[in-house]
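Undergrad: Listed below, chain by chain, are the residues.
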Amino acid sequence: QQQVKQSPQSLIVQKGGISIINCAYENTAFDYFPWYQQFPGKGPALLIAIRPDVSEKKEGRFTISFNKSAKQFSLHIMDSQPGDSATYFCAAPTTSGTYKYIFGTGTRLKVLA
Amino acid sequence: DAGVIQSPRHEVTEMGQEVTLRCKPISGHNSLFWYRQTMMRGLELLIYFNNNVPIDDSGMPEDRFSAKMPNASFSTLKIQPSEPRDSAVYFCASSYPGSPLHFGNGTRLTVT
Numbered sequence: 200q201q202q203v204k205q206s207p208q209s210l211i212v213q214k215g216g217i218s219i220i221n222c223a224y225e226n227t228a229f230d231y232f233p234w235y236q237q238f239p240g241k242g243p244a245l246l247i248a249i250r251p252d253v254s255e256k257k258e259g260r261f262t263i264s265f266n267k268s269a270k271q272f273s274l275h276i277m278d279s280q281p282g283d284s285a286t287y288f289c290a291a292p293t294t295s296g297t298y299k300y301i302f303g304t305g306t307r308l309k310v311l312a
Numbered sequence: 634d635a636g637v638i639q640s641p642r643h644e645v646t647e648m649g650q651e652v653t654l655r656c657k658p659i660s661g662h663n664s665l666f667w668y669r670q671t672m673m674r675g676l677e678l679l680i681y682f683n684n685n686v687p688i689d690d691s692g693m694p695e696d697r698f699s700a701k702m703p704n705a706s707f708s709t710l711k712i713q714p715s716e717p718r719d720s721a722v723y724f725c726a727s728s729y730p731g732s733p734l735h736f737g738n739g740t741r742l743t744v745t
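Protein chains in written order, with our numbering: chain A, 200 to 312; chain B, 634 to 745.
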């Protein structure tokens, strides 16, 4: 069964620091690689996503870096804030065009004030 | 836009009882997904529908689980009979071609 390996499991960062979360995928459809943010009691919400024809995408303090040859992509949160404390999931599509996604196991981020 | 609406938010039931979870996708979305989230296994895809038709139910754990989508605005996930190991948060998500998944806020199921 296809897997998406996400690391670290948990991360503690000081306010203003950089949070980095990594994901590695196996063979997959090259459609769209999203990151989701989940707060307690809520469903995952799309944070940022990248298509594999670009190596980097930035939206505000959030950046995705994509390495197609290594089958890896990462999320960077610059100037981390206490409000960023949440669980983050990466996901990779398994079948082109159907948006059937396999999710990583999640990273619990805590940003200290 | 009301988002994906799931009900109930919480369900507590006894082992052996039937449980029905409900989902209303975002209007205009033609794909619907049911996920289960646990600490041990993370987010698992149970089944997904495209244009109300089940496309892939390979993630449904057992015959005790069934899902239906009678129309574009409603889906159910049923567990009969329920077991304690079914305790989890069940999420419904919807999308349309070119869009990301939009998740509801989930149903927390506890089977005692």
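Just so you know, the hints here were simulated from the structure itself, not pulled from any lab data. Predicted model only: the values in this text are computed from it and were never measured. Do not rely on the hints blindly, as some may be mistaken.
[Claimed, not checked] With a straight-line cut-off of 20 Å between C-alpha atoms, the simulated EDC-like cross-links for lysine to aspartate or glutamate are:
1) A:Lys204 x A:Asp230
2) A:Lys241 x B:Glu651
3) A:Lys204 x B:Glu677
4) A:Lys257 x A:Glu225
5) A:Lys267 x A:Asp230
6) A:Lys270 x A:Asp252
7) B:Lys711 x B:Glu651
8) B:Lys711 x B:Asp689
9) A:Lys241 x B:Glu644
10) B:Lys711 x B:Glu644
11) A:Lys299 x B:Glu651
12) A:Lys256 x A:Asp283
13) A:Lys299 x B:Asp689
14) A:Lys299 x B:Glu647
[What the hints assert, rightly or not] Residues from chain A that face chain B, not an exhaustive set, calculated with beta carbons under 7 Å:
15) Pro233
16) Phe238
17) Gly242
18) Ala269
19) Gln271
20) Pro292
21) Lys309
22) Val310
23) Ala312
Ideal Cβ positions, reconstructed from N, Cα and C, are used throughout, including at glycine.
Undergrad: Hints first: check each against the structure and report whether it holds.
TA: Hints, verified against the model:
no.: 1; hint: A:Lys204 x A:Asp230; in the structure: holds (18 Å)
no.: 2; hint: A:Lys241 x B:Glu651; in the structure: violated (25 Å)
no.: 3; hint: A:Lys204 x B:Glu677; in the structure: holds (14 Å)
no.: 4; hint: A:Lys257 x A:Glu225; in the structure: violated (24 Å)
no.: 5; hint: A:Lys267 x A:Asp230; in the structure: holds (12 Å)
no.: 6; hint: A:Lys270 x A:Asp252; in the structure: holds (13 Å)
no.: 7; hint: B:Lys711 x B:Glu651; in the structure: holds (7 Å)
no.: 8; hint: B:Lys711 x B:Asp689; in the structure: holds (16 Å)
no.: 9; hint: A:Lys241 x B:Glu644; in the structure: holds (16 Å)
no.: 10; hint: B:Lys711 x B:Glu644; in the structure: holds (13 Å)
no.: 11; hint: A:Lys299 x B:Glu651; in the structure: violated (28 Å)
no.: 12; hint: A:Lys256 x A:Asp283; in the structure: holds (19 Å)
no.: 13; hint: A:Lys299 x B:Asp689; in the structure: holds (9 Å)
no.: 14; hint: A:Lys299 x B:Glu647; in the structure: violated (32 Å)
no.: 15; hint: Pro233; in the structure: holds (5 Å)
no.: 16; hint: Phe238; in the structure: violated (10 Å)
no.: 17; hint: Gly242; in the structure: holds (3 Å)
no.: 18; hint: Ala269; in the structure: violated (23 Å)
no.: 19; hint: Gln271; in the structure: violated (19 Å)
no.: 20; hint: Pro292; in the structure: violated (10 Å)
no.: 21; hint: Lys309; in the structure: violated (17 Å)
no.: 22; hint: Val310; in the structure: violated (22 Å)
no.: 23; hint: Ala312; in the structure: violated (26 Å)
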